[in-house]
Amino acid sequence: MIIIITLGTNVGTKAREDGRAFDELRNLKIDAGVLERADGSAYLEFGGNKILVAIYGPKESYIRRLQRPDRAVIRCRYNMAPFSVDDRKRPGPDRRSIEISKITAEALHSSVILEKYPRSMIEVFIEVLEAEGGTRCAGITAASVAMADAGIPMRDMVVACAAGKVNGEIVLDLSEVEDKDGEADVPVAILPRTGQITLLQSDGNLSADEFEKALDLAIKGCQQISEVQKEALKNRYGV
Amino acid sequence: MIIIITLGTNVGTKAREDGRAFDELRNLKIDAGVLERADGSAYLEFGGNKILVAIYGPKESYIRRLQRPDRAVIRCRYNMAPFSVDDRKRPGPDRRSIEISKITAEALHSSVILEKYPRSMIEVFIEVLEAEGGTRCAGITAASVAMADAGIPMRDMVVACAAGKVNGEIVLDLSEVEDKDGEADVPVAILPRTGQITLLQSDGNLSADEFEKALDLAIKGCQQISEVQKEALKNRYGV
Amino acid sequence: MIIIITLGTNVGTKAREDGRAFDELRNLKIDAGVLERADGSAYLEFGGNKILVAIYGPKESYIRRLQRPDRAVIRCRYNMAPFSVDDRKRPGPDRRSIEISKITAEALHSSVILEKYPRSMIEVFIEVLEAEGGTRCAGITAASVAMADAGIPMRDMVVACAAGKVNGEIVLDLSEVEDKDGEADVPVAILPRTGQITLLQSDGNLSADEFEKALDLAIKGCQQISEVQKEALKNRYGV
Amino acid sequence: MKIVPEITRKSITNLINQQERVDGRAMDEFREISLESGIISKAEGSARVKIGNTQIIVGAKPQLGEPFPDTPNLGVLITNSELLPMASPTFEPGPPDERSVELSRVVDRCIRESQMVDLEELCIIPGKKVWMIFLDLHILDYDGNLMDAAALATVAALKNTQIPNTQVEDNEVIMDQEEMKPLPLKEEALMCTFAKIGDELVLDPSLDEEKILSARLSIGITSSGKICAMQKGGDHPLTKEEILKAVKIAEVKTQDLMKHLE
Amino acid sequence: MKIVPEITRKSITNLINQQERVDGRAMDEFREISLESGIISKAEGSARVKIGNTQIIVGAKPQLGEPFPDTPNLGVLITNSELLPMASPTFEPGPPDERSVELSRVVDRCIRESQMVDLEELCIIPGKKVWMIFLDLHILDYDGNLMDAAALATVAALKNTQIPNTQVEDNEVIMDQEEMKPLPLKEEALMCTFAKIGDELVLDPSLDEEKILSARLSIGITSSGKICAMQKGGDHPLTKEEILKAVKIAEVKTQDLMKHLE
Amino acid sequence: MKIVPEITRKSITNLINQQERVDGRAMDEFREISLESGIISKAEGSARVKIGNTQIIVGAKPQLGEPFPDTPNLGVLITNSELLPMASPTFEPGPPDERSVELSRVVDRCIRESQMVDLEELCIIPGKKVWMIFLDLHILDYDGNLMDAAALATVAALKNTQIPNTQVEDNEVIMDQEEMKPLPLKEEALMCTFAKIGDELVLDPSLDEEKILSARLSIGITSSGKICAMQKGGDHPLTKEEILKAVKIAEVKTQDLMKHLE
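Residue numbers (the numbering used here), protein chains in the order written: chain A, 1 to 239; chain B, 1 to 239; chain C, 1 to 239; chain D, 1 to 262; chain E, 1 to 262; chain F, 1 to 262.
None of these hints come from the bench; they were simulated from the model.
The beta carbon of each residue, even a glycine, is placed where N, CA and C say it ideally should be.
Check before you lean on any hint, since a few could be wrong.
Among the chain D residues that face chain B by a calculated CB cut under 10 Å, a handful are [unchecked claim]: (1) Asn17; (2) Gly24; (3) Ala26; (4) Ser37; (5) Ser41; (6) Ser46; (7) Ala60; (8) Lys61; (9) Asp97; (10) Phe134; (11) Asp141; (12) Gly198.
Keeping only pairs whose Cα atoms sit at most 27 Å apart, straight-line, the calculated DSS-like set for lysine-lysine is [unchecked claim]: (13) D:Lys240 with B:Lys59; (14) F:Lys186 with A:Lys180; (15) A:Lys213 with F:Lys248; (16) E:Lys259 with B:Lys102; (17) E:Lys129 with F:Lys186; (18) E:Lys181 with E:Lys259; (19) E:Lys128 with F:Lys129.
Far from chain F, by Cβ distances over 12 Å, these chain C residues were calculated [as the list claims (entries may be wrong)]: (20) Lys50; (21) Arg77; (22) Ser84; (23) Arg119; (24) Glu123; (25) Gly151; (26) Asn167; (27) Glu176; (28) Asp181; (29) Glu183; (30) Val228; (31) Arg236; (32) Gly238.
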């Protein structure tokens, strides 16, 4: 493998494998309204990640024990295509996807005006078509756009991004290689209007200071991505 | 293995492994009403195949989403006994049996006067006790007899038989060896009164002419088997 | 492995591996009311066995097809912890635990005044935390204490104990080693007030005389254990 | 769940309390039994048993496999039963339920503890290769007393089973499918099942009797008269006297049953 | 279950009986088709196909494995399809249901029987190591006629598939991920699906047409014009004449479809 | 789903907004904690932890196995949790649900990222044989805050774990069950969990508090003070300030918790 050393914009930071600055996001593209059958949908490419999200609902909850008398519930299914990773993934949920589905639903919860739809259900299907590090954040970002595309009333559009520690440096938006070889990964989702945090994980070893730095950096990344989300909806609806 | 070359009736055809003429069926025997608990049943031996079918219903559909307001539905479960094949088959449905169950239910559908039983369900259980090529057709043939034995009103009695291509020849009713070594297999089910086709598959390589020839041959086979079905009911009910 | 030959009380019997007399139980300890959330609970140590039982109910039966219009039903789940045996046991039910769950529910049935709770359900959860021979009997014994702790009205407290044949002798309460190397094992549960038998199995080779002897010995063992059950409730409730 | 009209329950019970049964049998009488062996050509062993209208086919299939780590010198028996939905409106497709598991485990214990199959003879390379005998109990029609029918069919299938000759060369097993030999068998064992109804025990309960029994007792007895398996079922108790009485009857009846195996 | 308002059913049927379709297509006309290959970098082969709004991605991934015992010299194809719940409100998460199983099995037979993939070339060490090609059909948007879209996407993905070069040294397989070669392919085969509605057959049924069809017929045809797969579906019969007519149309239309592969 | 009467919700919340808790604890105070190690003789490592009425047993069992292909020199940790139905009326039998999966995955990350277990020392033959340590978290009584109880019990079980000595001769592993040695451990790490209720964060939420929390934050900290794991839960957000405040408290409280391990 050849390590590409790019100088260019990397002012004041150690080189990252793909030449990005410490606070630089990978290329990002979001399209809203890409599926026919779903009530809302979005397609996102983020570095090597390719993610498709469909929303169904609000509709009557067919799982009675999940019904809430005063609001809708969000059900999420994060799924990786068998061909999305180097070694074929067996179809069906595994422990990782079950956990991500849970925290994704929680991350989206406070952004949606669920009280408008008592006893109903909103289903979020996240398909990772190709994975290259950071799929859970990319899934959340795309899910918000799909939710808006479905016309579901929202307080804000949740947006997610990770920061982490790689080669001793706190950097934004870890690629697959950085995630694997790095020291820590901190995925964060926020409500951009208030800056409140709706998803937070940390995996790896960080001092309290490093953690705070990573958290700040991730929040900045979220704010940049938030603009791309809005752009996607503008492109679709001309709003 | 010794190949038995019989001359006898094989006029004008290449010899088949078991000495049959190209348009000759294997030995066939059908008995109706062989089980106590089922509402209808039939037992069939066809060459080395041994097949038992039970019918339950029409009865209230316990699977609500399968209910139809204007008619009964047919549910079929085709199952091979673990000891029915050379290498023990693991119990439970596999992909092959799921597909056969689906197309068997579809093959039987138009023969039964389902409109008489709205919201209800007819269950067809096909057990392959021993398999020697052609079990899906044999199962359909036996299922029709069992359906009649259950006293369910029918427009006609569906009957099934395969034809195929073996050693370059179009032949009727492939045995297990012929199915395995042959070039193509075409299972067909018909409504004998009208000649209409309710099941059709083709597996292997055939020219359009060969396909038509195989289809014609299978239909002829079906008509012969239809007589044995009627005989079975006559033996049981003296009609 | 060193075989410890104890003489002491083994009057008139061949030595058992752990030095017990032929009619001697292992050390037994029962505590009632050990869990917070369950409606009733008990913890039992019997030789090397450590067993925890929880009771939930009587409560509305959520499985409609198990409802009985005139009484409650008992559902039992016997489960071994993965770490309870030498080679880690995979989590989840296996055939052995399914059978034991069934006969445990049957063994408890006639002791409980089920008619008081039509359409409802009593759930018995038996967790084997450590297993050293005789867990099914120990589970039943503990379950009765937990049932009493739950305040469920009972006719009697079922108690269970095994006898068996080891080295040609009929002995009481087989340890794990005796069960494995022995000739036969006869688990028995009784209603101590009437001496009636609610669970009986026999596994191994016994003459009719040996079987009767084993049955008598097991019943005697049950009666001794019954006293410890009562003691446990007295310790808990001062009755 | 099995709900029986109260009037049926009463009439059957009253008859039995007068030592009579609905179908005219004696308290300790089996229904008509038929047994055919070798009915499935593709199975190395097979048998069909009918007791009354209850009908079971058992197929035996040997397969090369590894022994269990704790018994490196013994072949393996694996008993599986399928309560086919065709056999009863109360049987459902899917993984074996507790009735099915109990049936196969009790039959398995009866066979295993009687030491009928010489498992040592089924070892080919100790610790590495042994014969595994898969016994599949296929329940086709359920009209009561599966246990005794299953045990009889299983033993008949085992007696009918052929396994290929094997030779070991350079740690490789050479299997000769042309030269088959019978499974090495020792004792035989069969089961007798009793139902307690009213104050009586009846042998070989029919479906109607099973539905109203208060307790069930199945007893496995070997050809040399040893008790090799026992299983009580049912929600209600038995007395010690009832159990010992059932053992006595089973000792006699098992020898009768064994005639079907000849 | 798919319930269609009677009025929709009637209007579609009436149109078709007059040789017209709701979307203006001819009886034997496909909707717009688009095909992109190589869209998933991590898959050794991939393609996305849209037929109308129906959208499918197929990924192909080779993996070293063991051959089946009865074909020791052949590589292995494994076809799996996921009717993703995102694709339709009627698709549910969980193990493949009968629709999904039928879809992947029919596509698998079409590929297999056309002998498109040279399975012998996929054998590395006979009886020990072969390439297994996993074909995963990911259904993203369901607007009718999955069968033809799936076959087209699968063939395109296979044509796009690269496998690593392998060498065998001392019975060990050395795989060179740097040096990839295309999958060894021979013939091609695609499928055409017809729906019987009213008295007519229509090609490439849309979702609304599928919901009211009385019978369905899918026909797989190779580049050399052989029929390699056929599958009737639906609850109602077809006549022999209808089947032969469909074969004739499919022979022509398959050659048109093949242009998308170039 | 957890429905709490509005009045309970309000009374707990009001108290907490006044810096008080129903059970009289301080905002940053754990309930009573007890820990016993080595309670299961058949497990090579075990511990029981009670925090308040929450009760968990963790058993550790080593087993020989193969390493993951991408880490051929490392042993394997496998963490599994069972939310036993005995522990709560809301826990159901069956495969682990999302709560159970989250619990075991977060505890696993805390242990793994702290590099507590020296996985290199668990490698026996690189690429072939390593120790796999199965950690089974058995939840017996659920009265809130499973996370911290599970982490504490898991670390205690690991500290209590013995593995057999192994030697490699001719590529065969010889295991000496008589000579056991402690698991090679480095750092320790434990978790502190906070619930946001009203406007406040409370440490170690009881069940009643968990039922009404708006957000949850679990923080894993090593003996050397590093943050090794973090997991937010709950449907509502946290502010950055709340998170940093929780980290500060956790840094102190973890060191207190570690005393239970001595």
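For each hint, the structure was consulted:
1. Evaluation of the D:Asn17 hint against chain B yields a violated restraint, the C-beta minimum of about 27 Å exceeding 10 Å.
2. Annotation: D:Gly24 was flagged as interfacial toward chain B, and the flag is violated, the nearest CB pair being 18 Å apart, outside 10 Å.
3. A least Cβ separation of about 22 Å between D:Ala26 and chain B goes past the 10 Å threshold, and the interface hint is therefore violated.
4. Below 10 Å, beta-carbon pairs count as interface contacts, and D:Ser37 has none with chain B, the closest being about 13 Å; its hint is therefore violated.
5. With a least beta-carbon distance of about 6 Å to chain B, the hint placing D:Ser41 at the interface is held under the 10 Å criterion.
6. Taking 10 Å as the C-beta cut-off, the interface hint given for D:Ser46 holds, the closest approach to chain B being about 6 Å.
7. Given the 10 Å rule on beta carbons, the hint for D:Ala60 holds: about 7 Å separates it from the nearest Cβ of chain B.
8. For the restraint placing D:Lys61 at the interface with chain B, the shortest Cβ-Cβ distance is roughly 4 Å, inside the 10 Å limit, so the hint holds.
9. Interface hint status for D:Asp97: violated, as the beta-carbon distance to the closest one in chain B is roughly 13 Å, over 10 Å.
10. Interface restraint check: D:Phe134 against chain B, minimum CB-CB distance 5 Å, threshold 10 Å, status holds.
11. Using the Cβ-Cβ criterion of 10 Å, the hint placing D:Asp141 at the interface with chain B is satisfied: the shortest such distance is roughly 5 Å.
12. Contact between D:Gly198 and chain B, as hinted, is not supported at the beta carbon level, the nearest pair being about 26 Å apart and thus beyond 10 Å.
13. Proximity of D:Lys240 to B:Lys59 is assessed by CA-CA distance (about 45 Å); at most 27 Å being required, the pair is judged violated.
14. Note on F:Lys186 and A:Lys180: the hinted pairing holds, with a Cα-Cα distance of about 22 Å set against a maximum of 27 Å.
15. With a C-alpha separation of about 15 Å, the suggested pairing of A:Lys213 with F:Lys248 holds against the 27 Å cut-off.
16. Distance hint between E:Lys259 and B:Lys102 is unfulfilled; the C-alpha atoms sit about 33 Å from each other, more than 27 Å.
17. The suggested pairing of E:Lys129 with F:Lys186 is violated, with an alpha-carbon distance near 42 Å, which exceeds 27 Å.
18. For the suggested pair E:Lys181 and E:Lys259, the alpha carbons sit about 24 Å apart, so the restraint of at most 27 Å is met.
19. For a cut-off of 27 Å, the pair hint linking E:Lys128 to F:Lys129 stands: about 23 Å separates their Cα positions.
20. The Cβ of C:Lys50 sits about 7 Å from the closest Cβ of chain F, inside the 12 Å cut-off, so the non-interface label is violated.
21. Residue-level check failed: C:Arg77 sits 6 Å from the nearest beta carbon of chain F, not beyond 12 Å.
22. Its closest Cβ contact with chain F, about 6 Å, brings C:Ser84 to no more than 12 Å, contrary to its assignment away from the interface.
23. Every Cβ of chain F is farther than 12 Å from the Cβ of C:Arg119; the closest lies at roughly 18 Å, confirming the non-interface assignment.
24. Its closest Cβ contact with chain F, about 7 Å, brings C:Glu123 to no more than 12 Å, contrary to its assignment away from the interface.
25. Every CB of chain F is more than 12 Å from the CB of C:Gly151 (nearest about 16 Å), matching its label as outside the interface.
26. For C:Asn167, the non-interface assignment is confirmed: its Cβ lies about 25 Å from the closest Cβ of chain F, beyond the 12 Å cut-off.
27. The beta carbon of C:Glu176 sits about 10 Å from the closest Cβ of chain F, which is not more than 12 Å, so the claim that it is off the interface is violated.
28. For C:Asp181, the requirement that its beta carbon stay farther than 12 Å from each beta carbon of chain F is met, with the minimum near 18 Å.
29. At the 12 Å boundary, the C-beta of C:Glu183 stays outside the reach of chain F, the nearest C-beta of that chain being 25 Å off.
30. The Cβ of C:Val228 sits about 21 Å from the closest Cβ of chain F, beyond the 12 Å cut-off, so the non-interface label holds.
31. With a least CB separation of 17 Å from chain F, C:Arg236 remains clear of the 12 Å interface cut-off, as annotated.
32. Separation of C:Gly238 from chain F is adequate, the least Cβ-Cβ distance of about 22 Å exceeding the 12 Å criterion.
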